[in-house]
Amino acid sequence: MSAVAASRFLKPELLARLGTLELVARTVVDGVLNGLHRSPDFGFSQEFAEYRAYSEGDDLRFVDWNVYARADRMYVKRFKGETNASVTFLLDVSASMGFGEPTSKLDQARFLVASLAYLTRKQHDSLGMALFDDQLRDYTPPSARPDSLPKVLGLLENTHVGNSTNVVDILADVRATLTKRGLVVLVSDLYTEPKALLGSLQSLVHAGQDVAVFHILDDQELRPDMKKISALKSLESGTSVIVDPEYLRGEYKERIQAHCEQLEQNTIKAGADYIRLTTSESLDSAIVSYLQFRERRVR
Amino acid sequence: MSLLFPLYLLGLLGLALPWLLHRFSHHEPPVQSFPTTRFLEPTQPPATSKRKLRYWLLLALRILFLALLCFLFAQPWLRTQNDTANAEAAQLVIVDNSFSMRAGDRWQDAQNESSNVLQAIPARDAVQLYSFASQLKAQTQLGDDRSSLDNVLSAIEPSYESADFGELMRYLNKVAGDIDMPVSATFITDAQRANLPVQMNALLANRLNQFTVISVDSSSPVNYSLRAEARTSDAVNARISVRLAASDVQEPTALDAVSKTVQVSVKGRVVASEAVQLRAGEAKTIQFDAIALPSDSDALFSVAFADPDFLSDDDSVEIPVRGLASVDISMTTIGAAPSAQAQVFAKTALETNGDARVEILDVNTALAPSVRHAIVFVDDILDVPDTVNRFVMDGGNVLLLPSTINQSTNDAVQVSAANITKIDQAHPLGLGDIDWFDAGFYTTSNVKTTGDDRTLLGLDSGAPLLIERDLIDAGRLLMLNDALDGYSSDLPLQASFVSLMQEVIRYFNASNALPIELEVGKSLFLPANSQVLTPNGDALLELSELGSANDVQLTRPGVYTVLGTNSSNTVSAVLGAAESNLLGLTREELDAWQARHDVSRQVTASQAETNAGVVTLVEQPNRQTLWHWLLPAVLMFLLIESLLANRMLWVRRDGL
Numbered sequence: 001m002s003a004v005a006a007s008r009f010l011k012p013e014l015l016a017r018l019g020t021l022e023l024v025a026r027t028v029v030d031g032v033l034n035g036l037h038r039s040p041d042f043g044f045s046q047e048f049a050e051y052r053a054y055s056e057g058d059d060l061r062f063v064d065w066n067v068y069a070r071a072d073r074m075y076v077k078r079f080k081g082e083t084n085a086s087v088t089f090l091l092d093v094s095a096s097m098g099f100g101e102p103t104s105k106l107d108q109a110r111f112l113v114a115s116l117a118y119l120t121r122k123q124h125d126s127l128g129m130a131l132f133d134d135q136l137r138d139y140t141p142p143s144a145r146p147d148s149l150p151k152v153l154g155l156l157e158n159t160h161v162g163n164s165t166n167v168v169d170i171l172a173d174v175r176a177t178l179t180k181r182g183l184v185v186l187v188s189d190l191y192t193e194p195k196a197l198l199g200s201l202q203s204l205v206h207a208g209q210d211v212a213v214f215h216i217l218d219d220q221e222l223r224p225d226m227k228k229i230s231a232l233k234s235l236e237s238g239t240s241v242i243v244d245p246e247y248l249r250g251e252y253k254e255r256i257q258a259h260c261e262q263l264e265q266n267t268i269k270a271g272a273d274y275i276r277l278t279t280s281e282s283l284d285s286a287i288v289s290y291l292q293f294r295e296r297r298v299r
Numbered sequence: 300m301s302l303l304f305p306l307y308l309l310g311l312l313g314l315a316l317p318w319l320l321h322r323f324s325h326h327e328p329p330v331q332s333f334p335t336t337r338f339l340e341p342t343q344p345p346a347t348s349k350r351k352l353r354y355w356l357l358l359a360l361r362i363l364f365l366a367l368l369c370f371l372f373a374q375p376w377l378r379t380q381n382d383t384a385n386a387e388a389a390q391l392v393i394v395d396n397s398f399s400m401r402a403g404d405r406w407q408d409a410q411n412e413s414s415n416v417l418q419a420i421p422a423r424d425a426v427q428l429y430s431f432a433s434q435l436k437a438q439t440q441l442g443d444d445r446s447s448l449d450n451v452l453s454a455i456e457p458s459y460e461s462a463d464f465g466e467l468m469r470y471l472n473k474v475a476g477d478i479d480m481p482v483s484a485t486f487i488t489d490a491q492r493a494n495l496p497v498q499m500n501a502l503l504a505n506r507l508n509q510f511t512v513i514s515v516d517s518s519s520p521v522n523y524s525l526r527a528e529a530r531t532s533d534a535v536n537a538r539i540s541v542r543l544a545a546s547d548v549q550e551p552t553a554l555d556a557v558s559k560t561v562q563v564s565v566k567g568r569v570v571a572s573e574a575v576q577l578r579a580g581e582a583k584t585i586q587f588d589a590i591a592l593p594s595d596s597d598a599l600f601s602v603a604f605a606d607p608d609f610l611s612d613d614d615s616v617e618i619p620v621r622g623l624a625s626v627d628i629s630m631t632t633i634g635a636a637p638s639a640q641a642q643v644f645a646k647t648a649l650e651t652n653g654d655a656r657v658e659i660l661d662v663n664t665a666l667a668p669s670v671r672h673a674i675v676f677v678d679d680i681l682d683v684p685d686t687v688n689r690f691v692m693d694g695g696n697v698l699l700l701p702s703t704i705n706q707s708t709n710d711a712v713q714v715s716a717a718n719i720t721k722i723d724q725a726h727p728l729g730l731g732d733i734d735w736f737d738a739g740f741y742t743t744s745n746v747k748t749t750g751d752d753r754t755l756l757g758l759d760s761g762a763p764l765l766i767e768r769d770l771i772d773a774g775r776l777l778m779l780n781d782a783l784d785g786y787s788s789d790l791p792l793q794a795s796f797v798s799l800m801q802e803v804i805r806y807f808n809a810s811n812a813l814p815i816e817l818e819v820g821k822s823l824f825l826p827a828n829s830q831v832l833t834p835n836g837d838a839l840l841e842l843s844e845l846g847s848a849n850d851v852q853l854t855r856p857g858v859y860t861v862l863g864t865n866s867s868n869t870v871s872a873v874l875g876a877a878e879s880n881l882l883g884l885t886r887e888e889l890d891a892w893q894a895r896h897d898v899s900r901q902v903t904a905s906q907a908e909t910n911a912g913v914v915t916l917v918e919q920p921n922r923q924t925l926w927h928w929l930l931p932a933v934l935m936f937l938l939i940e941s942l943l944a945n946r947m948l949w950v951r952r953d954g955l
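Here the protein sequences come in this chain order: A and X.
Numbers 1 to 299, taken from our numbering, label the letters of the first sequence in order.
Numbers 300 to 955, taken from our numbering, label the letters of the second sequence in order.
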């Protein structure tokens, strides 16, 4: 299946019909991987770590046939990257994430996190997740146990939008919590000061974490198509501002664009990866970006 | 343009409402959710100290809409006849063309007077010409055009109908109410006293501003008229009754009796004659007995004065012979034979007036298929034999009588001279008009009626006497609870029994019921699918009217023939007796009649409003209502307003 064909199945509005997040994740990840015509080991560390007795379901390509010829037993080779990668997803569930029609930013973020979590477990990495708005609401520390994926998916299924955002404090809390090096994936609409974000990301990177930032946005907040004067009510603060459509078509677009560019620059400056994703885009490019990120970071 | 309800224009005060709404309206902008307001800047309101009026087009549309709505409720109308637009008053000229106007030179005089009246009407007034006999008929439209009036006037013919001055005033009141200007009426008539209504109040038409009566009754010689009737009971000889009348006169000196010879003729041949002395105002009845019926059954007797007077149309009549078309009734018995008296009593009563011919059949003889009416003696009237049931279901009519009064059962009740106390007056038999006082019942069977039975006559003992069984899509089934033997009751010995039997004949024969005679001008209600032939033999109804015409108006005297599906009947159209009495009103009485309308102009406004309902009874022929133009306009404005409002009334750009 080609990449184009695969992405056809990854449209957010189609994913929303699939039902459970597990099915969404499988559809997304398997579709992307098949479309790439690449080895599922893409991004794996090739440094040998140990042998493990073959069990049913293991890929036969990893069977060490030399050992089998000698010992008449099947062993599977395991590599270093498979054992020590610890991935923690930080999902912003603040009120502003509820924006977007027909797929909200939170829905798109849940699809993304579920897919990446599935991919993480497929690669036998430890999986953890934190949900936050202005404070940490749910936190599952990274774990390589088989039930880590269902636990994360369960949290995602039941989550809903909360209050305002406080990314900076949350990143500080997470940094204090994570004692082991690993990958930190931040999924948020990033309504915070770019400078403050830069500081938080830098401290997280300095603590040994490899950070990827997925910036989730909706087309209506990037390019509003409002036709008449309306009162726009903030989802987080509740304040209303009566706005002229002409302003939204002009100065507002410049402002939000400048904000996004500033965020991207600061993220990269902090040593993290920056991936922007809108609610109308399919997830395949985001998955590929994540795989590239993991390939670079996991050693 | 005029308004029916101008008070609704007060609603125009509401036109300020849209202006106020536009002036002070405040629109809240729609609220939408947005992730954050940190990059938004509020729109700045314009620096103005007072509110501005906006959306001028919409405001104009709304004001126009309200104004049209007010006019719609006020119901404007236009007079469509342009020739009356400049008229100051309406002049109605009414010519009496009732039958009495045929006397002498009255009609010529009336036309001359009418012509004079028309010429004397001022040019600024609108004129309308009417004729009046039994109804007020417009001969022209209301207008200023006088060119055709003379031609129309000369084309009017005196009719054979009777006039009623009360009806005239009622019609005039309606017409005057429909004209939106002062109305004066001039009535050219012979002013017959006999045409006055029963109640003098009916002579008042309070919508007329002026009413003038011009009498053409110069001299009133005595007019002699006659009416006649021929009846046979044996289909061989006829008895002709002639009622003669001489009209009244004003002068009491003209009381000398005049000898008038009455002749009866058939096909131009005089078969009998008699001289009668008549004084003015006197009426006499003479009879010609044993006049042999003509061989031709359709031939009519002609009864006339030998010397016609100045009103010759009421001096002769043509009359058919009544009694020839009698109803055939079969009398039979099922079961025990009745008493001999019972059959005689019933047969005699039925044939008394010659309207029925009764054939007595032997016991248990079946009814012939052609028989439509039957008297059947049975053992028990409520136990209807199957043959009788089938006969009735096929459309036949039956009167059931008990052969004997059964006194052996427990139901037999001995009654000592019970009387009829319960009478169903609503039944078409007309039992309420018969005097039942003398009928006494000594022995009756206390029969038990069922739910389908309707008791038409009942005794004070509770026993039913005359019962009708309700049958759908069938003939009529009457049951008389009396043996007619002369012992159990004296009913067959009373005059009321004859009346009852006559009513039964009429009831059985109701499908062909037509009046024997009808006054000229009245409508004759026809049985279904009937054709009417005039006295000249011409068909009155067109082919297309045959299935749908319910009635026809008889416009001239004579014998009309009504041809039904299976029958042929004659109806005599006779002149109204009052029209032959030419005695006129005095000048003082006419002045008093006119003066009533001088008073009527002083009616109070409340009285005028009370009578306002009468005006609208007739649709105005010259009034063009405008609501059907205004209503689409109102709806169109409403539609445009809705469209514009949806497009224009967004949030104001200043956000306030």
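Simulated from the structure, these hints should not be mistaken for laboratory data.
Every value quoted in this text rests on a predicted model; they were computed, and no experiment measured them.
Hints may contain errors.
[Claimed, not checked] A partial selection of chain X residues facing chain A, derived with a Cβ cut-off under 10 Å:
id: 1; residue: P328
id: 2; residue: V330
id: 3; residue: P334
id: 4; residue: L339
id: 5; residue: Q586
id: 6; residue: D588
The beta-carbon is built from N, C-alpha and C at its ideal position, and this holds for glycine as well.
Checked hints:
no., hint, verdict
1, P328, "holds, 5 Å"
2, V330, "holds, 5 Å"
3, P334, "holds, 4 Å"
4, L339, "holds, 5 Å"
5, Q586, "violated, 104 Å"
6, D588, "violated, 108 Å"
Comparing the model with each numbered hint stated earlier shows that hints 5 and 6 do not hold.
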